[in-house]
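Each protein sequence line maps, in turn, to chains S and V.
So the first sequence is numbered by the working numbering: it starts at 1 and just counts up by one.
So the second sequence is numbered by the working numbering: it starts at 1 and just counts up by one.
These aren't lab readings, by the way, just hints derived from the structure by calculation.
The structure presented is a predicted model; accordingly, all values stated were derived computationally and were not measured.
Don't take each hint at face value.
Some but not every residue of chain V turned toward chain S, in silico, with C-beta under 7 Å [claimed, not checked]:
1. Tyr106
2. Met108
3. Met113
4. Ser115
List of simulated lysine to aspartate or glutamate pairs, DMTMM-like, C-alpha gap at most 20 Å [to be verified]:
5. V:Lys120 with S:Glu69
6. S:Lys2 with S:Asp64
7. V:Lys120 with S:Asp64
8. V:Lys120 with S:Glu67
9. S:Lys203 with S:Glu193
10. S:Lys2 with S:Asp197
11. V:Lys57 with S:Asp91
12. S:Lys27 with S:Glu215
13. S:Lys126 with S:Asp116
14. V:Lys120 with S:Glu68
15. S:Lys15 with S:Asp204
16. S:Lys150 with S:Glu69
17. S:Lys126 with S:Glu113
18. S:Lys136 with S:Asp80
19. V:Lys120 with V:Asp233
In this text, a Cβ means the ideal position worked out from N, Cα and C, and glycines have one as well.
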Amino acid sequence: MKLIADRLSKQYKNKIAVDRVSVEFTKGVYGLLGANGAGKTTFMRMLCGILAPTSGTVTFDGIDSGEEEYRNILGYLPQDFGYYPSFTAWDFLMYMSALKGFDKRSAQKRIKELLDFVSLSDVAKKKIKTYSGGMKQRLGIAQALLNYPKILVMDEPTAGLDPKERVRFRNVIEDAGKESIVILSTHIVSDVEHIADYILMMKDGSLIFNAPSSEIEGGLEEFYLDEFGE
Amino acid sequence: MIKPGKKDLQEIRKYFEAPEPERKQAFLEKMSHIHVQPPGKTNIIYMAWVQFFYISKWLWTLSAFIFACIFISSRYISEDMLWLLSAALPFIVAFSLSESMRSVIYGMREFEMSSRFTIKSVIMMRVIITGAVNMLMLLAVAGLSGGGMCRNMLYMLVPYLSSATGGFAILRKFPSREGVYFSSAFGAVISIINLKGVYSYSWIYSARYIGIWLVAVIVLLAAASYEGYKMADAAGSRA
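Only chain S is shown next, with the shape it has when bound in the complex (with noise of 0.2 Å):
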């Protein structure tokens, strides 16, 4: 199982935004840390095939990521999401299920299983447009998960979540991290610090560290402000 991003670039008129990012992601969970702008979202969102780099490529064992193969066994959590405004939390994910290609039966099943993983079951036939912001990200959440996916990209998924909610959400990532590749860029240190396998920082477009989080010494967030010379 290795996902690989060979010399990924994403170019603007006048912004290089992700400049020849090469990364090799086998099973784990691998915390992308950078500031405002460093090019993460960008980055994520190639490695998810919904937007086109500028040169270079996205295989997962062979598949090219704007394959439907590759969509298959894909999980995404954008940072920025929507709903349609008449959907209950039910209706969602029956939604996403549909477009990820389960029958109503497996479905069902799969989404009372998430509901009550993310704490919605109480609320599932409520519309998404009462919910709290935590309760429509654990929402997210849920949809990402919906088809045991290979590889999990979450950008930001924390936001909105309270601490409760946070230390819960490490627990999921650290189980989907034992069979899938789990990909999720965070402004919170201390979100990735006790569960990622890998860190890897961005600055400028460019991956300035690249390594296991067993090589880093000391307190993460004190080696993130000394990489990002604060």
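Given chain S, work out where chain V should sit, using these hints.
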């Protein structure tokens, strides 16, 4: 052993509380490892069926209402009402187009782009479904109204397909809520032109010019199909 009936079970529930589940979380975590994999291959028909039910109910209601008005007016009031009321068809097109762009408008685009059935196929399905249903309603109105069915169809298809062609092109350029407004405005322009034609140039609706109407429909059908495909392709393309 006597099996308790439904009423017996209801009575039991009244007086006895079910015990709390034990080790529920561990059980759920164990079950989550039993993979229920999604179907192996793409099933477009199932997906189209799913999309049909996700199209807004208000769109079907509004379309049915407009078509019913066209039919009743042309059959029971005046045959001339048929192509007068066909000026309302561009608005059905505008509403249908807004349905196609829901993913973009409501921020679901990235979810749908990263799924197995991508946003491009979702939009194409919605366009085809709403287009097919509208065509059926057009056929029904054209057939059940007075006058020749073919002639009625041609008079209604020209404003309908003109709005669709322009609307798709606009939405390809402006894939957003604003694009929906622009395409609605375009539909209004088509509607006004249609009304102008009926009132000021009624001679173009005579049997003499049926050939021109037929050519117009063929050209517009090809143009609408092309623009519709390009719109879906653009909406689903990786920027």
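Cross-check of the supplied hints:
| no. | hint | verdict |
| --- | --- | --- |
| 1 | Tyr106 | holds (5 Å) |
| 2 | Met108 | holds (6 Å) |
| 3 | Met113 | holds (4 Å) |
| 4 | Ser115 | holds (4 Å) |
| 5 | V:Lys120 with S:Glu69 | holds (16 Å) |
| 6 | S:Lys2 with S:Asp64 | holds (12 Å) |
| 7 | V:Lys120 with S:Asp64 | holds (18 Å) |
| 8 | V:Lys120 with S:Glu67 | holds (13 Å) |
| 9 | S:Lys203 with S:Glu193 | holds (19 Å) |
| 10 | S:Lys2 with S:Asp197 | holds (15 Å) |
| 11 | V:Lys57 with S:Asp91 | holds (15 Å) |
| 12 | S:Lys27 with S:Glu215 | holds (18 Å) |
| 13 | S:Lys126 with S:Asp116 | holds (15 Å) |
| 14 | V:Lys120 with S:Glu68 | holds (12 Å) |
| 15 | S:Lys15 with S:Asp204 | holds (10 Å) |
| 16 | S:Lys150 with S:Glu69 | holds (12 Å) |
| 17 | S:Lys126 with S:Glu113 | holds (17 Å) |
| 18 | S:Lys136 with S:Asp80 | holds (11 Å) |
| 19 | V:Lys120 with V:Asp233 | holds (6 Å) |
Violated hints: none; the structure is consistent with every hint.
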